[in-house]
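Enquirer: Hey, can you piece these two chains together into the complex? The hints should help.
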Amino acid sequence: MIKDLSVMIGGKAGDGVLFTGNVLARLLKRHGWEVATYRDFPSNIRGEATSYTIRASQDKIYGLSDQVDILLAFDCDAIMTHVPHMARRGIVFCDGEEALRLPPDHSRGKTFHKVPLRSMAREQFSREIFKNMIALGALSYILDLNCSLLEQIISEMFLKRKGEEVVKKNIQAVASGYAKAKEITAEKERHPLMKGEDGDCLLLSGDEAIAFGALAGGCRFFAAYPICPASEIAQWLARYLPQFNGVVVQTEDELAALNMAIGAGFAGARAMTATSGPGASLMMEAFSLAGMAEVPVVVAHVQRMGPSTGIPTKTQQGDILQWIFGSHGEFPRIVLAPGTAGECFDLTVHALNLAEMYQCPVVVLTELDMGQNFRTTKKFDLGEIKIERGKLLSQDDLLRMKNFKRYEFTADGISPRSLPFFKNGIHLVESLEHNEEGYRDEEPLNRIRMMEKRMRKLKKAAPDLVPSHLWGDRKSRIGFIGCGSTLGATLEAMDELKERKVPSKFLQLRTLWPFPTAEVKRFLTGCEEVFVVENNYSGQVATLIKSQVNPCAQLRNILNYSTRAFTPKQIVNPVLKVCR
Amino acid sequence: MKNKEAYHLANPTWCRGCGLFGIFDALKRTAASLDLEPEHMAIVTGIGCHGRLNNYFEAYGFHGLHGRTMPLATGIKVANPRLHVLAVSGDGDAYSIGLGHFVHALRKNISLTYIVVNNRIYALTQGQASPTTSFGMVTISTPFGSKDFPINGPALALAAGGTFIGRGFSGAVAPLAALMEKAMRHKGFALVEVLSPCVTHNRVNTYEWYRNNIFAVENEPGYDPKDKNKAWEALQHPEKMATGLIFEEEKPTFEELVLADKEKPIAFNDLAVDRPSLEKIIEKFR
Chain W
0 MIKDLSVMIG GKAGDGVLFT GNVLARLLKR HGWEVATYRD FPSNIRGEAT SYTIRASQDK
60 IYGLSDQVDI LLAFDCDAIM THVPHMARRG IVFCDGEEAL RLPPDHSRGK TFHKVPLRSM
120 AREQFSREIF KNMIALGALS YILDLNCSLL EQIISEMFLK RKGEEVVKKN IQAVASGYAK
180 AKEITAEKER HPLMKGEDGD CLLLSGDEAI AFGALAGGCR FFAAYPICPA SEIAQWLARY
240 LPQFNGVVVQ TEDELAALNM AIGAGFAGAR AMTATSGPGA SLMMEAFSLA GMAEVPVVVA
300 HVQRMGPSTG IPTKTQQGDI LQWIFGSHGE FPRIVLAPGT AGECFDLTVH ALNLAEMYQC
360 PVVVLTELDM GQNFRTTKKF DLGEIKIERG KLLSQDDLLR MKNFKRYEFT ADGISPRSLP
420 FFKNGIHLVE SLEHNEEGYR DEEPLNRIRM MEKRMRKLKK AAPDLVPSHL WGDRKSRIGF
480 IGCGSTLGAT LEAMDELKER KVPSKFLQLR TLWPFPTAEV KRFLTGCEEV FVVENNYSGQ
540 VATLIKSQVN PCAQLRNILN YSTRAFTPKQ IVNPVLKVCR
Chain E
0 MKNKEAYHLA NPTWCRGCGL FGIFDALKRT AASLDLEPEH MAIVTGIGCH GRLNNYFEAY
60 GFHGLHGRTM PLATGIKVAN PRLHVLAVSG DGDAYSIGLG HFVHALRKNI SLTYIVVNNR
120 IYALTQGQAS PTTSFGMVTI STPFGSKDFP INGPALALAA GGTFIGRGFS GAVAPLAALM
180 EKAMRHKGFA LVEVLSPCVT HNRVNTYEWY RNNIFAVENE PGYDPKDKNK AWEALQHPEK
240 MATGLIFEEE KPTFEELVLA DKEKPIAFND LAVDRPSLEK IIEKFR
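In order, the protein sequences belong to chains W and E. Here numbering that gives the first Met the number 0 is used: the first residue of the first sequence is 0, the next is one more, and so on. Here numbering that gives the first Met the number 0 is used: the first residue of the second sequence is 0, the next is one more, and so on.
For reference, chain E alone in the conformation it holds in the complex (with noise of 0.2 Å):
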């Protein structure tokens, strides 16, 4: 097993109290209890405060445009599946902008680790409302208070056909690593929101807030992740939020079910110029 801190490439400047700080130890702790080279890693970001991240830590990144992660880790993965590509968003990002993107990436099941920090506020942008900011919550953007339902990721994801769905809080770092290393061990496409505070501009949703909202699947008698009826009610409770590993299925994968060869990345191909094969297809033009 790796140190941590050989992910560790700079100090965040996120502010201080920030539950991105969780977030990128429970990354740290998830990369170094997998053992993986910081090389074979390559992180998706997109645009809020997450996507700072790439600057922390070690590994290839690709800081994209806002929404686009899904596409972008796709087609990361599609080229090079012996990558473990993950994707890091905002709720914006992710239930907003992108989520188109996020439904079809779902369907694909392909195996991508996708973070979702859910804030419930656009941050970096100065505290407008999100996809998730709560119903009635006053704003810079909504000075009357939100108009819209707040959208509930986890639960569309289990809709869309999400084989992996679970829900960390990013102040209890362990347990969120510990679901982040289910997650990127899981063959297909695995959901990780995590409820994070952001200290700045959501004064509502604090930590404390977060302790008292939300309550642990795995400490519910009975509770099977694989029993989707149980993770659908558990998604739907009416008062309190769910984390942990809320679902888990096996289907195939995107990139097993596409890909000719499995041992050999498309990104690493030899281009040179197969004549024979060519020279056949040709005749179909005859």
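Extracted from the complex, chain W is given alone in its bound form (with noise of 0.2 Å):
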């Protein structure tokens, strides 16, 4: 019996690639298994190679397998590029006679499955575009899925955009690769799919995840410029946000986006704004801002490759270092790093109460892996959100204070914040260095004051954080540290290391500043060989360590920098290598 699979749709930009593994990723998510998508696409619109990798499980899952079992091929490149990494006894759906120029060792005991996908599609349809749906029925048949859930999803995801016409023609189209498969395949050829209940799952991408934890945690100014692999959190958001009488701004550039966010968080709304790559550089001005004005604001950071305009639309985690240490003079900022979609959604919640508690900038730091790519993840428990608004005055508390000041020192470093519209609150937001009432001052005492107020808001901050999560096998000696969307190669490399009797653990960090240096240590001395496992060159995750415990353990690095995400083999190999 199959118990994991991973199917490629390969094509060029412009095939509908995209839209066709979305539709089967739901569809086997309905057959109740746990679903993992991957896309590796170019950053342009038409004409370049595509793949998009669906991977299904019986267990649960947060990223991509070693190996594709089924290539559904649009045309010849992507079965020269795909079947020689495929799994031995792979299964290809091609279009006609490309699979013979392969080379003997790469054919080799893989299946093809002859249908000419384009040629039906245009003398059945008369557009090429319904070979998506026909491939889907040809594999609905190898895998004997159920036909009748698969033409809800294309209701679904076609009926209020393309009309019922469009959805009668697709449904046809899966007929029709259906009943090809059919007549070209042996019954020994099938490979039924459990079936299981689509339980209380949900299917989101972590952008969404984000999105949606936004909207649940009372965010209601969304202010952002497009950019992959961000832009989607603010398009989730313009769709929904206008019925929780919330706006989103696409602004003019980053600088606006960061300053526009902290406008409106100055002015009592929950605010927010979303980038990557060079957008984020732009906002480290604005980032301080809000540290000196300690305004609440809340910024999604869904890492891409650079340096540099680099590569848009390949994952990188090579700007954690930025958020925690970047920006011009000292202040303080929290960095959130959620492994999973679900962490996605709690996280983004969980920033926006810690930005008003705390009264500083807070960062949800992704990846693109994580932003762009889908996740069977449990339904987001509603119950659980509470909205914290710190140190927030009302009307009523302003107007039985006397003397309110916006930067008075207190013990916690936290001072009472109030509202623009409210009487007797009236202050000055002051980017320059100020006292208690918020006006410029320079005088050295008050400075030094002024300083260790802001910085001390965070030093108590630790019950409120996030803790690093364990997972594994506790008295174990080989150990992982990672953070972010490496959790899924890295859990399943812990599997795969535990069967070749070599146990690990991993402490997966979900608060990268402040600092766990406590939890870290901890695991540290627990562990003879550490892995720190990391989506870039050099190794931010444990330099950061490395900056904050004190003597450190040897930290071997593993990283990846290339354009794909981990896969687990890339963790095990190299820890082979150091513990047989």
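Possibly wrong hints are sitting among the right ones.
Claimed, not checked - Here are the simulated DSSO-like pairs of lysine-lysine, each with C-alpha atoms no more than 27 Å apart in a straight line:
1. W:K568 with W:K497
2. E:K227 with E:K186
3. W:K378 with E:K279
4. W:K401 with E:K1
5. W:K401 with W:K194
6. W:K161 with E:K279
7. E:K227 with W:K378
8. W:K168 with E:K283
9. E:K261 with W:K422
10. W:K458 with W:K500
11. E:K263 with W:K390
12. E:K279 with W:K159
13. E:K227 with W:K401
14. W:K568 with W:K109
15. W:K422 with E:K1
16. W:K385 with E:K279
17. W:K194 with W:K2
18. W:K159 with E:K186
19. W:K422 with E:K263
20. E:K283 with W:K377
21. W:K497 with W:K59
22. E:K263 with W:K167
23. W:K385 with E:K239
24. E:K283 with W:K161
25. E:K229 with E:K239
26. E:K3 with W:K385
27. W:K404 with E:K1
28. E:K283 with W:K194
29. W:K377 with E:K279
30. W:K168 with W:K113
31. E:K261 with E:K181
32. E:K279 with W:K59
33. E:K3 with W:K422
34. W:K59 with E:K263
35. W:K404 with E:K3
36. W:K59 with W:K194
37. E:K186 with W:K422
38. W:K568 with W:K59
39. E:K186 with E:K229
To be clear, the hints were calculated from the coordinates, so they are not data collected in a lab.
Expert: What follows is the structure, encoded as structure tokens:
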């Protein structure tokens, strides 16, 4: 029985690979399978090779496996590129004769189903785009998938936007592909998938989870400039915020985006922005302003490959230290790193609370792999959400108060906050160094006290921050440390290592700053070998650990700065080298 | 009507004779004549001598980053449209480092009053050339004369779709206050550029120089601020700078267009979790 399956759809940008994959992902999810997707796209609209992998499993998964089992190839290139790396007994759907051009050692052991997708689509539906649903029909036959579920998904995805006629034709295309596969394959070439119940699960991307978290967490003002791979957050919110009396503003650039969010945060809205790559660099200026002005604001950063414009459609974790140590001057900031779609939701809600509780900028740091790929996740628990507004004063509080000072020196460093429009709460929010009233003050003693007041805010924040998550065998002496979307590959690597009698544990950092020094120290003392798994060149998490834990055990880097996310093997192999 | 002293928080420490005194006075008069409660005003300032205004004027204030008054003020206004939001910038703030924001705020027609204090020099940093410094003018940053042609802010605003374009002179406080009052009553984005002498770092563009180089559009026979062509002509005058209400038109405002509930500011939303609505949205992820 198949317990884990990866299907790759390969074609050219503009072929509809993404849409086809999204339909398939949903279809497998509705069969009760865990799903994780991975898109490998160029950064242009048409013409270049693209592939989209949909992995389904009976176990909990958070990412890709090492191999592709089934390839739906829309062109010859996809075959030549991907067949050599497929599982040994892989199944390939292809248009015609291209399989014959593969060297025998690449095609050996694999099954080729020749379904002339393009010509069938042209002949039967007079448009090539119908090849996509023909392909899914053929696949449904081989895997014995429930076609009525597929039809249902097609109508959900098409009906509103394209109308009944299009739905009908696509359903016909599915039937046509199904019949064709039945005609050309033997019964023993079918691999019926186990069918289960589609439990109380969701299928969504990290970007969607952040957007939904923003909505549920009370964000009502969102300003952003479009940038891959963070745009989806703003786009999603643009659709839903108005019904909650909220607004999304598309700004002229990222300088404006963060400043605008800070303006709205000052006025009393829960305000947020999202960005990536160069956009984050532009935000560094206002990041410092939020720190100095003590205005609550949340930035979601979906990391993409840099430096500079880099490769906008590929994943990377190259901007971690930028948010922790970046911008001018020193000020308190909180950086959270969700590792799953569920955590994208939870941590965004939490970030909005932390921003108001600590009156400082909070960053939710993810990556393209998390942001744009889909994962099944347990339904969000809305009953768990609490809105914490910290020391925000009401009009009544202010009327009872004498001598309100916006930047009052307090024991915990957090000063009560009033909102414009409130009587008795007038104050100046100042980007210059200022005194308790908010007025510019350059006296050395005031500067020292004010600096200490701001920095003190996070000294005792630990109980409110998100603790690291410890995975695996607590007693094992081999440890991994990482954050974000490398989680999936790390957990699977651990499974494989366990099978090879190398048990391990994994400390998933979920708050990167303020750094969870005590947790990491404790973890390190229980390890003989520590591997820090990161999607970057220089080992930024390892650098961070070494800067905060002193003396620090030897850390081994497992780094990946290629254009693809980690696969489990890339983590297993270096560990075996050391730990055999 | 309130007394203008209701807004007087402290005596300014600008250089004696600075044009900003006239602007400060005009602003107080405007607020008084509109009978505004100080807590209903938010004044956003940029970086420059004008940025001290928050220390002297009684209202909510945000002294932000150089050039970023527009996005800050936009965020405040969208979050709470009941506030009278004023932004005050210098010529460097508005026309150099913040130029992109300026054009986009105009394009949005968001209801802000934008006062651009134009002294044709970077004064706070000791007198470097600014984007409105005259061509050829010698400054500490242009020892051989400025090689850049100056920006005409109001003309740029007209081209960018501005719905209220005015220019005043800080040496004539009463007409300036009258112009500011019109600007604050305007529905949409209102630019008031104020020609404002810097008595310390700009010895060329003095009060007297301005008096000789400006003309009031309302004194021009047949001038109509609703006439865009006339406004353009006035702003392109070969010798003198037009002052007064140069152009005004009506257009929907950004806040009207984007806010779902005009009566309830986003800033004062009840954030309690609306479970039934959220549960419905969750179903899209099935």
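Enquirer: Confirm or reject each hint.
Expert: Verification of the hints:
no., hint, result
1, W:K568 with W:K497, "holds, 13 Å"
2, E:K227 with E:K186, "holds, 18 Å"
3, W:K378 with E:K279, "holds, 12 Å"
4, W:K401 with E:K1, "holds, 24 Å"
5, W:K401 with W:K194, "violated, 67 Å"
6, W:K161 with E:K279, "holds, 23 Å"
7, E:K227 with W:K378, "violated, 57 Å"
8, W:K168 with E:K283, "holds, 24 Å"
9, E:K261 with W:K422, "holds, 22 Å"
10, W:K458 with W:K500, "violated, 42 Å"
11, E:K263 with W:K390, "holds, 22 Å"
12, E:K279 with W:K159, "holds, 17 Å"
13, E:K227 with W:K401, "violated, 52 Å"
14, W:K568 with W:K109, "holds, 22 Å"
15, W:K422 with E:K1, "holds, 17 Å"
16, W:K385 with E:K279, "holds, 19 Å"
17, W:K194 with W:K2, "holds, 11 Å"
18, W:K159 with E:K186, "violated, 38 Å"
19, W:K422 with E:K263, "holds, 18 Å"
20, E:K283 with W:K377, "holds, 14 Å"
21, W:K497 with W:K59, "holds, 17 Å"
22, E:K263 with W:K167, "violated, 45 Å"
23, W:K385 with E:K239, "violated, 61 Å"
24, E:K283 with W:K161, "holds, 18 Å"
25, E:K229 with E:K239, "holds, 15 Å"
26, E:K3 with W:K385, "violated, 45 Å"
27, W:K404 with E:K1, "holds, 26 Å"
28, E:K283 with W:K194, "holds, 22 Å"
29, W:K377 with E:K279, "holds, 16 Å"
30, W:K168 with W:K113, "holds, 22 Å"
31, E:K261 with E:K181, "holds, 23 Å"
32, E:K279 with W:K59, "holds, 26 Å"
33, E:K3 with W:K422, "holds, 18 Å"
34, W:K59 with E:K263, "violated, 44 Å"
35, W:K404 with E:K3, "holds, 24 Å"
36, W:K59 with W:K194, "holds, 16 Å"
37, E:K186 with W:K422, "holds, 25 Å"
38, W:K568 with W:K59, "holds, 18 Å"
39, E:K186 with E:K229, "holds, 22 Å"
Going through the hint list in order, the structure does not satisfy hints 5, 7, 10, 13, 18, 22, 23, 26 and 34.
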